Amino acid sequence: MKIKPRLKEELKQFIRQKQKEEREIAVITSSYPLQDQEITTLRQNIPELKTKKITNKIDREILAGAVIQVGSRVLDLSLKNRIALLQELAYETDR
Amino acid sequence: MENLGIDGKLLVAQIINFAVFYFVFKRFLAKPFSRFIDEEKEKEKRVEKALLQAKKQEEEILRKQEEFRTKIRKETEEILSHAKTSAGEAKQEILAQAAQEAEAIREKTKKALAQERHLLENEIRKKVIALSFFLVSRALGDVLTDETRKKTTQAILKNLPKKLTTHEN
Numbered sequence: 001m002k003i004k005p006r007l008k009e010e011l012k013q014f015i016r017q018k019q020k021e022e023r024e025i026a027v028i029t030s031s032y033p034l035q036d037q038e039i040t041t042l043r044q045n046i047p048e049l050k051t052k053k054i055t056n057k058i059d060r061e062i063l064a065g066a067v068i069q070v071g072s073r074v075l076d077l078s079l080k081n082r083i084a085l086l087q088e089l090a091y092e093t094d095r
Numbered sequence: 001m002e003n004l005g006i007d008g009k010l011l012v013a014q015i016i017n018f019a020v021f022y023f024v025f026k027r028f029l030a031k032p033f034s035r036f037i038d039e040e041k042e043k044e045k046r047v048e049k050a051l052l053q054a055k056k057q058e059e060e061i062l063r064k065q066e067e068f069r070t071k072i073r074k075e076t077e078e079i080l081s082h083a084k085t086s087a088g089e090a091k092q093e094i095l096a097q098a099a100q101e102a103e104a105i106r107e108k109t110k111k112a113l114a115q116e117r118h119l120l121e122n123e124i125r126k127k128v129i130a131l132s133f134f135l136v137s138r139a140l141g142d143v144l145t146d147e148t149r150k151k152t153t154q155a156i157l158k159n160l161p162k163k164l165t166t167h168e169n
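The listed protein sequences derive, respectively, from chains A and B. Mapping to the working numbering: the first sequence position 91 is 91, numbers consecutive. Mapping to the working numbering: the second sequence position 110 is 110, numbers consecutive.
Hints are computed from structural coordinates only; laboratory data are not their basis. There may be inaccurate statements among the hints.
Claimed, not checked - Here are the simulated PhoX-like pairs of lysine-lysine, each with C-alpha atoms no more than 20 Å apart in a straight line:
| no. | chain 1 | residue 1 | chain 2 | residue 2 |
| --- | --- | --- | --- | --- |
| 1 | A | Lys20 | A | Lys4 |
| 2 | B | Lys31 | B | Lys49 |
| 3 | B | Lys150 | A | Lys57 |
| 4 | B | Lys45 | B | Lys55 |
| 5 | A | Lys52 | A | Lys18 |
| 6 | A | Lys18 | A | Lys8 |
| 7 | B | Lys31 | B | Lys41 |
| 8 | B | Lys151 | A | Lys57 |
| 9 | B | Lys127 | A | Lys80 |
| 10 | A | Lys80 | B | Lys126 |
| 11 | A | Lys57 | A | Lys80 |
| 12 | A | Lys20 | A | Lys50 |
| 13 | B | Lys150 | A | Lys80 |
| 14 | A | Lys18 | A | Lys2 |
| 15 | B | Lys9 | B | Lys26 |
| 16 | A | Lys50 | B | Lys158 |
| 17 | B | Lys151 | A | Lys80 |
| 18 | A | Lys20 | A | Lys53 |
| 19 | B | Lys158 | A | Lys80 |
| 20 | A | Lys20 | A | Lys52 |
To be verified - According to the in silico footprint, chain B covers these stretches of chain A (three or more CB under 8 Å from chain B):
| no. | segment |
| --- | --- |
| 21 | 24–37 |
| 22 | 52–63 |
| 23 | 84–91 |
Said to hold, decoys possible - One-sided and incomplete, this derived list gives chain B residues near chain A with beta-carbon spacing under 8 Å:
| no. | residue |
| --- | --- |
| 24 | Leu29 |
| 25 | Ile129 |
| 26 | Ala130 |
| 27 | Phe133 |
| 28 | Ser137 |
| 29 | Leu140 |
| 30 | Gly141 |
| 31 | Leu144 |
| 32 | Asp146 |
| 33 | Leu157 |
As the structure is a prediction and not an experimental result, all values here were calculated from the model. Just so it is clear, CB atoms sit at the ideal spot from N, CA and C, and this is done for glycine as well.
All chains, please: the whole structure from these sequences, using the hints.
This is the structure:
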């Protein structure tokens with residue numbers, strides 16, 4: 001399918017803009033609404049978050065802890081992830 | 001003499017007759033006859049000799065035949081015995097080879113079974129682990145109160161490692 005060059009260019013710009021916006025936002029998923037103190041602790045320990053705008057999403061599935069996403073990069077500090085890691089360790093150990 | 005019924009003249013004539021007969025016989029018949037008898041005797045002897053020789057030859061042939069039969073029998077027995085021995089050895093060899101192959105198959109099957117068992121055990125173990133952790137996750141999801149979640153989150157944030165690594169999603 002042939003796309004008009006102008007449309008193609010505008011689409012590219014739109015995507016770049018969206019990516020830029022996404023890079024400026026950090027999404028922290030937690031199982032309950034985080035307090036400012038907790039967010040501050042996170043900013044202190046994770047330098048990448050210092051300049052980012054933080055959005056807090058609630059997902060009870062993660063059980064506890066937090067999942068931090070900046071753009072396409074993810075830092076999983078959730079209890080669910082730890083259980084999954086423990087499960088992997090159990091697989092390895094039990095062999 | 002006449003009283004006895006004997007005629008003198010007839011008697012003389014008979015005697016003369018006999019004498020003439022004897023003379024003629026002796027002169028003309030005795031030798032050829034005797035030669036004939038001798039020849040016949042000779043012939044008989046020859047025939048007897050030939051018969052004896054033929055008999056001897058027959059015996060010789062029979063003896064040789066018997067000898068040949070014995071030889072054939074002996075050789076046949078030797079060949080049979082040799083064949084039996086060879087067959088016995090071949091049979092032993094085949095049995096040994098078959099036993100070896102059966103053992104190899106048994107070992108291979110044993111190993112395959114052990115491997116299969118090991119894989120199955122691993123599979124079961126994985127499933128048990130997965131199920132256990134799934135139940136734990138679900139249980140925690142139901143059991144954890146907001147307060148507990150908060151405390152846990154705070155504990156996690158408090159104990160953050162110095163160096164944190166992110167991964168591409």
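Going through the hints against the structure:
1. Lys20(A) / Lys4(A): It is violated: about 24 Å lies between the C-alpha atoms, which goes past 20 Å.
2. Lys31(B) / Lys49(B): With a Cα-Cα distance of about 26 Å, the restraint between Lys31(B) and Lys49(B) is violated, given a limit of 20 Å.
3. Lys150(B) / Lys57(A): holds (15 Å)
4. Lys45(B) / Lys55(B): holds (15 Å)
5. Lys52(A) / Lys18(A): holds (15 Å)
6. Lys18(A) / Lys8(A): holds (15 Å)
7. Lys31(B) / Lys41(B): Satisfied, since the Cα-Cα distance of roughly 15 Å is no more than 20 Å.
8. Lys151(B) / Lys57(A): holds (18 Å)
9. Lys127(B) / Lys80(A): Judged against 20 Å, a Cα distance of about 18 Å means the pair holds.
10. Lys80(A) / Lys126(B): holds (18 Å)
11. Lys57(A) / Lys80(A): holds (16 Å)
12. Lys20(A) / Lys50(A): Since the Cα atoms of Lys20(A) and Lys50(A) sit roughly 16 Å apart, the hinted pair holds (cutoff 20 Å).
13. Lys150(B) / Lys80(A): holds (14 Å)
14. Lys18(A) / Lys2(A): violated (24 Å)
15. Lys9(B) / Lys26(B): Distance ~25 Å between Lys9(B) and Lys26(B) Cα, so the pair is violated.
16. Lys50(A) / Lys158(B): Holds, at roughly 18 Å.
17. Lys151(B) / Lys80(A): holds (15 Å)
18. Lys20(A) / Lys53(A): holds (12 Å)
19. Lys158(B) / Lys80(A): holds (18 Å)
20. Lys20(A) / Lys52(A): Since the Cα atoms of Lys20(A) and Lys52(A) sit roughly 11 Å apart, the hinted pair holds (cutoff 20 Å).
21. 24–37: holds (count 4)
22. 52–63: holds (count 3)
23. 84–91: Coverage by chain B holds for the segment 84–91 of chain A (5 residues, Cβ < 8 Å).
24. Leu29: violated (138 Å)
25. Ile129: holds (5 Å)
26. Ala130: holds (7 Å)
27. Phe133: Hint holds; Phe133(B) Cβ to chain A Cβ min 4 Å, cut 8 Å.
28. Ser137: Hint on Ser137(B): holds, closest Cβ of chain A at ~6 Å, below 8 Å.
29. Leu140: Given a least distance of 5 Å, the restraint on Leu140(B) holds.
30. Gly141: holds (6 Å)
31. Leu144: Status holds, d = 6 Å.
32. Asp146: Asp146(B) check passes; min Cβ-Cβ to chain A is 6 Å, inside 8 Å.
33. Leu157: Cβ of Leu157(B) sits 5 Å from chain A, so the hint holds.
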